[in-house]
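Work out the full structure: start from the sequences and follow the hints.
10 is the number of the first residue of the sequence shown in my numbering; add one for each residue after it.
Calculated from the structure, these hints are not laboratory results. Take the hints with a grain of salt, since some may be wrong.
To be verified - Result set (DSS-like, lysine-lysine): computed pairs, CA atoms no more than 30 Å apart in a straight line:
hint	residue 1	residue 2
1	K555	K482
2	K546	K387
3	K45	K387
4	K338	K45
5	K286	K130
6	K404	K534
7	K310	K103
8	K286	K310
9	K286	K404
10	K338	K316
11	K558	K547
12	K129	K286
13	K338	K286
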Amino acid sequence: MTLPAQIYVIGHRNPDTDSVCSAIAYADLRRRQGLKNVRPARAGTLNRQTEFVLDHLQYPVPELLTDVYPRVRDVVTEQVVTVSGEAPLAEALKQYHQHNIRMLPVVDVDNCALGMLLLKKASEQFLLPDAAEDLRCVHVSVNAIVRCLRAKLLCSYEADSLEHLDLYVGGRSTGAFQQWVGNIASRRSILIAGDRPHIQRMAIEAGVRVLIVSGGSVVSPDLIDLARRHRVSVVSSTFDTASCSWLTRLATPVRSLVDGSFLSARRDDLLDDLRTKLLHGGHAGAIVLDDEDRVSGVATKSHLIRKSPLQLILVDHNELSQAVPGADKVEILEVVDHHRLGNFHTDTPIHFINQPLGSTCTLVARLFRQSGHQPDEKIAGLLLSGLLSDTVLLKSPTTTDVDRDIAEWLSTLSGLDLDQYGAELFASGSVIASGQSARQLILGDFKEYQVESDTLGLGQVEVVNLHSFQQRKEELLAELARLRDEKGYLLAALLVTDIVEGNSLLVTSGPNELPYMIRYPQVEKNIYRLNGVLSRKKQLVPHLLKVFKVAG
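So this is what it looks like as structure tokens:
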């Protein structure tokens with residue numbers, strides 16, 4: 010049995026408003042188009058602006074996915090077959106046959122694992138004894154015999170005691186039996202006899218440990234009384250003598266055969282971790298445990314080749330370095346984005362939509378239009394929010410005529426005034442004066458970019474004036490230096506964008522030669538003025554990539 014696919018529409022790490030809103034809206038569109046089991050998700054904590062949007066539109070916060078690495082629970086989905094530690098081996102073998110399994114977890118009364126019973130080990134111990142005398146040796150209790158033979162216990166003595174006993178059949182003549190029974194270790198013997206009262210009596214008087222009466226033969230009351238006096242357990246079974254002999258050998262409680270050094274895994278364990286243990290640890294499989302240590306499944310090597318039921322549609326990014334951790338381990342069905350192409354590759358063809366627009370929300374709204382579906386009022390409001398956020402109220406140089414046209418359409422559908430709502434949107438997202446730590450401010454909207462073998466780390470915050478930034482610039486400079494040192498970035502920077510004036514400051518921690526490379530005016534040490542720069546994606550990133558590539 011495999012789990013049904015669950016499709017998540019999800020944006021990049023450190024999600025911004027465009028990332029979150031486009032994920033919600035595109036999931037809504039794909040559901041309308043008939044895609045099953047699809048829902049939006051986010052790959053990180055919401056920023057203040059996005060929280061404002063969802064609260065203002067009274068829309069639920071998407072599910073948080075901290076990672077999508079395949080887990081044991083994703084592939085171990087069968088209903089687990091177990092056997093009680095007190096069950097006879099016969100019941101375990103029956104489970105093997107009925108369910109066509111290779112491994113059988115042995116459990117206690119609370120369904121907690123005692124160990125693993127391997128069919129190979131059971132066969133080696135019971136079908137291939139090392140010495141001829143071991144053929145008659147069985148490891149049983151009286152109650153285990155009763156259970157395995159589906160018998161009646163007529164007389165009981167220490168019925169739960171698990172002992173090593175020798176198994177015999179009373180097939181001799183009366184005279185021969187009388188001579189023979191005196192020469193065996195009676196207290197460690199089991200005797201099987203049919204309707205032969207004389208043999209039964211001699212066995213009881215000799216003090217055998219267990220007398221099994223086969224064929225459903227009646228045992229007289231005086232023999233039962235005699236057995237009590239001699240502390241002999243008497244068992245009556247409807248099976249014939251040959252069957253009783255075979256089943257008694259299979260009456261050994263499973264717990265005495267269990268391999269207690271079993272490999273275990275938790276349902277939330279990473280599948281890659283289990284793969285390493287199974288392929289290199291010499292184990293045939295692992296018992297899967299739940300949070301209360303109860304058995305919930307068995308994982309074998311065949312589970313390792315199963316596909317994760319989790320599938321992704323990526324929005325607002327197309328680089329795995331920006332995707333939710335583990336995205337490279339699951340199937341990606343689609344990408345909907347408006348950024349430059351990164352190092353993205355897949356094993357199979359996918360649906361890839363990439364257009365040079367000001368926001369992914371613009372692109373998703375356009376897809377609504379093209380498919381003949383009209384977003385409802387809330388979805389239109391979400392799309393408008395992401396569009397206005399990413400285009401900085403349509404002032405960013407990334408803004409296209411398509412963005413302006415879509416913004417007017419969404420404003421009409423949502424009932425939100427472009428100017429008034431836009432002002433509220435950006436006022437809500439001014440984070441520098443929010444009380445967040447410098448690290449939180451830098452990483453709130455942060456992306457990594459590759460330049461050959463080096464990495465640039467660039468964050469961005471938007472403000473309505475630069476006064477609050479001036480109060481925290483030293484703190485931000487120090488934190489950027491720490492971040493660069495920790496991550497090994499060639500450059501760690503924060504773009505502080507004044508959306509009212511339409512200019513930005515670039516706060517940096519980079520190589521010593523940066524002032525001579527960057528070609529922006531330096532207003533003070535490690536801070537540069539970027540007049541007319543509002544877009545990290547379209548204005549800052551292409552410039553920095555070119556500068557560092559030329560510098561080599």
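Evaluation of the provided hints:
| no. | hint | result |
| --- | --- | --- |
| 1 | K555 x K482 | holds, 27 Å |
| 2 | K546 x K387 | holds, 28 Å |
| 3 | K45 x K387 | holds, 22 Å |
| 4 | K338 x K45 | holds, 21 Å |
| 5 | K286 x K130 | holds, 21 Å |
| 6 | K404 x K534 | holds, 29 Å |
| 7 | K310 x K103 | holds, 23 Å |
| 8 | K286 x K310 | holds, 10 Å |
| 9 | K286 x K404 | violated, 55 Å |
| 10 | K338 x K316 | holds, 10 Å |
| 11 | K558 x K547 | holds, 17 Å |
| 12 | K129 x K286 | holds, 21 Å |
| 13 | K338 x K286 | holds, 18 Å |
Hint 9 from the earlier list is the only one contradicted by this structure; the remaining hints agree with it.
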